[in-house]
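Engineer: The residues making up each chain are set out below.
There are 2 protein chains.
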Amino acid sequence: GAAPAVHAQAAIRWRLAASFPKSLDTIFGSAETFSRTLKELSGGKFECSVHAAGELMPPFGVVDAIQNDTIQMALTAPYYFTGKDSIFAFGCAVPFGLTARQMDAWMEHGNGRKLMDEFYAKYNIVSMSAGNTTTQMGGWYRKEIKSAKDLQGLKMRLGGGLFGEAMAKLGVVAQNMPAGEVYQALEKGTLDATEFVGPYDDEKLGFNKVAPFYYYPGWWEGGAELEFFINKKAFDALSAENKAMVRAAGAVAARDMTAKYDAKNPIALKRLVAAKTQLKPFPKDVMDAGFKASMEVFGEHEAKSPEFKKIHQDMRAFQRDQLLWDRFSEYRYSSYMTTVKV
Amino acid sequence: GAAPAVHAQAAIRWRLAASFPKSLDTIFGSAETFSRTLKELSGGKFECSVHAAGELMPPFGVVDAIQNDTIQMALTAPYYFTGKDSIFAFGCAVPFGLTARQMDAWMEHGNGRKLMDEFYAKYNIVSMSAGNTTTQMGGWYRKEIKSAKDLQGLKMRLGGGLFGEAMAKLGVVAQNMPAGEVYQALEKGTLDATEFVGPYDDEKLGFNKVAPFYYYPGWWEGGAELEFFINKKAFDALSAENKAMVRAAGAVAARDMTAKYDAKNPIALKRLVAAKTQLKPFPKDVMDAGFKASMEVFGEHEAKSPEFKKIHQDMRAFQRDQLLWDRFSEYRYSSYMTTVKV
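If you're matching them up, the sequences are chains A and Z in order. Heads up: the first sequence at position 241 corresponds to 259 in UniProt numbering, and the numbers run straight through without jumps. Heads up: the second sequence at position 198 corresponds to 216 in UniProt numbering, and the numbers run straight through without jumps.
Hints are computed from structural coordinates only; laboratory data are not their basis. Some clues are possibly wrong.
Below, in silico cross-link-like pairs of lysine to aspartate or glutamate (EDC-like), each with a Cα-Cα straight-line distance of 20 Å or less [said to hold, decoys possible]:
1. A:K261 - Z:E50
2. A:K282 - Z:E126
3. A:K359 - Z:E162
4. Z:K282 - A:E259
5. A:K57 - Z:E58
6. Z:K359 - A:E50
7. Z:K57 - A:E259
8. Z:K298 - A:D339
9. A:K132 - A:E325
10. A:K359 - Z:D303
11. A:K359 - Z:E58
12. A:K132 - A:D332
13. Z:K63 - A:E58
14. Z:K288 - A:D332
15. A:K359 - Z:E259
16. Z:K261 - A:E50
17. A:K63 - Z:E199
18. A:K359 - Z:D332
19. Z:K359 - A:D339
Just so you have them, the derived chain A footprint on chain Z, three or more residues with Cβ under 8 Å [said to hold, decoys possible]:
20. 56-66
21. 112-119
22. 200-212
23. 231-241
24. 273-280
25. 296-305
26. 345-352
From the three backbone atoms N, C-alpha and C, an ideal C-beta is built for every residue, glycine too.
One chain only, chain A, in its complex shape (with noise of 0.2 Å):
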């Protein structure tokens, strides 16, 4: 017969690495979110594949792979990659940084993710969030933390960032292992704490099992944003419609995880406390503590990085403006509202 008149519509093949198991959910969901509206947009011409950690390489090695053109996409935290340079943490979560909403506005109506971005840029990087974890617990220990001194000598397996070296400061002795190892580690007593994200990821871990004192408020993740780092050179060469598509389709999973972490987290939390969890708030003392290792760690960072300084002077300007504002509305609306029973 005569060859079809027509050519399909060339179509677009993407994979999306995520430094995260399927068994996180929420986080893992965003990027099957973004897929799968990536594909509705597209009525099906669009399309990326999404692999889960150690599916196509391991969990942080998904920069590398953006910049050596293996993967189009990836999803991760970017504090992971501090060892690269300490600069990707303002894009996840600094200790005493700025809460979900607060990231948000800085990077979308402030210099956030214009800064940002103007630094991936040396990783072949375009940036957009994923959505955000929300202020996180302040982890799982063996036994109280009454005060700082506590701390010394704590052995804690802990996340990415510029958390791990304030930790460092007060005496915490970092355990580098793997998720799966930790719950034997605390049952044995080699390993004293965890920190890991907040009630409804924690649960299916169950820490609470072999270390039940889970402590708050996570004074390093204030609001920890996901990010969906994009391959620069692929994205520059899509259409205007296609990269439309591709930001739409992240503004999507970015508003679904924050959301469905607000709404499971409480109900994790009661079945926590009901399974005999300990909640317990950080002492002052402790807090104070932290906050005064944090900031010698992010004057060693502006000593060394002009660049550093300059993003972290840009956040911290602008958390000033939004603590000052918080006071006369949420902050203050919320105040009032621990006070009622609705």
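Given chain A's structure and the hints, the job is docking chain Z onto it.
Structural biologist: Below, chain Z without anything else, positioned relative to chain A:
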């Protein structure tokens, strides 16, 4: 010559009417962002023209216009329509209700959107968020409000929703007048007070010059969600691809509006204070009287409408969990952040 063999792909042209003037660039801007994103996503094949209040119809005519298929979309504050049914308020803000993030969570991962769209169906409406004003201020007053007694006989311009019913119980005499006449009425003293939104929007109207006492927090709008109302018949007739474009363009617009308010409000507040605005917290007895009056209003509507009661109780159950979790997460974190100098 021969007729062209290729037909242009069917174009869709929608119209969106806003209940707001262009001068409210935060809120109105959400419709513009929606429209621009929809055009980009569709490569110009799906366009939605955006019309300010009064262009196609009066600001509060938009629900009727969707019901009689005059327009395909509206951008509005659902609580403007509590005259039709008090349930509309839950799609926007109710006294002592949800904050911005809580509203997103209830809507998208609680029962909120499902319950509201079941209700809206009788008006031929499908809803989606257009963004949130975040916690509003409590308005501008010519004289200090030292106790709840000072509200007795106060002539005040009020926004929509159930709040007016609570204020009436406190003795406030609601004044209906166009926004453009408020400044002069305050100057003359025929009006004692007005509430509006927050620093960024309020500043443009110059109220600080004629009513210098600026009270907080706006307990009737802990977070007011603006909504895109979509003509259900028109939406149902769209392809899956075009439906996804409407949803995704909405997500882009909603994220943008909330971030814009958060970024712009603090800077406007500082300018207002520099221009002699006197910031004052509502006295506790005013907050308590407002809370009591509001709960009475909710009780009255619940007694009249099982559907109102069902939605109200669902929202409050969700809110109780949110308030519990807030104590251990962002509220606790923010409490500490108010005590340090970043």
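Engineer: Now look at each hint and say whether the structure bears it out.
Structural biologist: Against the structure, the hints:
1. The straight-line distance between the Cα atoms of K261 of chain A and E50 of chain Z is roughly 19 Å, inside the 20 Å bound, and the hint therefore holds.
2. A distance of roughly 12 Å separates the Cα atoms of K282 of chain A and E126 of chain Z; the hinted pair therefore holds under the 20 Å criterion.
3. Taking the CA atoms of K359 of chain A and E162 of chain Z, the gap is about 28 Å. The hint is violated against a cut of 20 Å.
4. Proposed proximity of K282 of chain Z and E259 of chain A is contradicted: the alpha carbons are some 30 Å apart, above 20 Å.
5. Straight-line distance between C-alpha atoms of K57 of chain A and E58 of chain Z comes to about 16 Å, which keeps the hinted pair within the 20 Å bound.
6. Between K359 of chain Z and E50 of chain A the CA atoms are separated by roughly 40 Å; this puts the pair beyond 20 Å, and the hint is violated.
7. Note on K57 of chain Z and E259 of chain A: the hinted pairing holds, with a Cα-Cα distance of about 9 Å set against a maximum of 20 Å.
8. Taking the CA atoms of K298 of chain Z and D339 of chain A, the gap is about 18 Å. The hint holds against a cut of 20 Å.
9. As the CA atoms of K132 of chain A and E325 of chain A are separated by approximately 13 Å, the hinted pair is consistent with the 20 Å bound.
10. For the proposed pair K359 of chain A and D303 of chain Z, the alpha carbon gap of about 16 Å is at most 20 Å, so the pair holds.
11. Between the alpha carbons of K359 of chain A and E58 of chain Z the distance comes to roughly 47 Å, so the proposed pair goes past 20 Å and is violated.
12. Taking the CA atoms of K132 of chain A and D332 of chain A, the gap is about 11 Å. The hint holds against a cut of 20 Å.
13. With a C-alpha separation of about 16 Å, the suggested pairing of K63 of chain Z with E58 of chain A holds against the 20 Å cut-off.
14. For the given pair, K288 of chain Z sits about 18 Å from D332 of chain A by alpha-carbon distance, which is consistent with the 20 Å threshold.
15. Of the pairs offered as hints, the one joining K359 of chain A and E259 of chain Z is violated, with about 45 Å between alpha carbons and a cut-off of 20 Å exceeded.
16. Taking the CA atoms of K261 of chain Z and E50 of chain A, the gap is about 19 Å. The hint holds against a cut of 20 Å.
17. Between K63 of chain A and E199 of chain Z the alpha-carbon distance is near 53 Å, which puts this suggested pair outside the 20 Å criterion.
18. Straight-line distance between C-alpha atoms of K359 of chain A and D332 of chain Z comes to about 15 Å, which keeps the hinted pair within the 20 Å bound.
19. Our distance criterion of 20 Å between C-alpha atoms is met by K359 of chain Z and D339 of chain A, whose separation comes to about 12 Å.
20. Given as covered by chain A, the segment 56-66 of chain Z passes the check, having 4 residues with a CB less than 8 Å from a CB of that chain where 3 are the minimum.
21. Counting residues of the segment 112-119 of chain Z whose beta carbon lies closer than 8 Å to any beta carbon of chain A gives 4, which reaches the threshold of three, so the coverage claim holds.
22. Look at the segment 200-212 of chain Z against chain A: 0 of its residues bring a Cβ nearer than 8 Å to a Cβ of that chain, fewer than three, so the hint is violated.
23. For the segment 231-241 of chain Z, the stated coverage by chain A is satisfied: 6 residues place a CB nearer than 8 Å to a CB of that chain, which reaches the threshold of 3.
24. Given a C-beta distance limit of less than 8 Å, the hint that chain A covers the segment 273-280 of chain Z holds, as 6 residues qualify and 3 suffice.
25. Requiring three or more residues with a Cβ within less than 8 Å of a Cβ of chain A, the coverage given for the segment 296-305 of chain Z holds, as 3 such residues are present.
26. Interface restraint, the segment 345-352 of chain Z with chain A: holds (8 residues with C-beta to C-beta distance below 8 Å; minimum three).
Violated hints for the displayed structure, listed by number in ascending order: 3, 4, 6, 11, 15, 17, 22.
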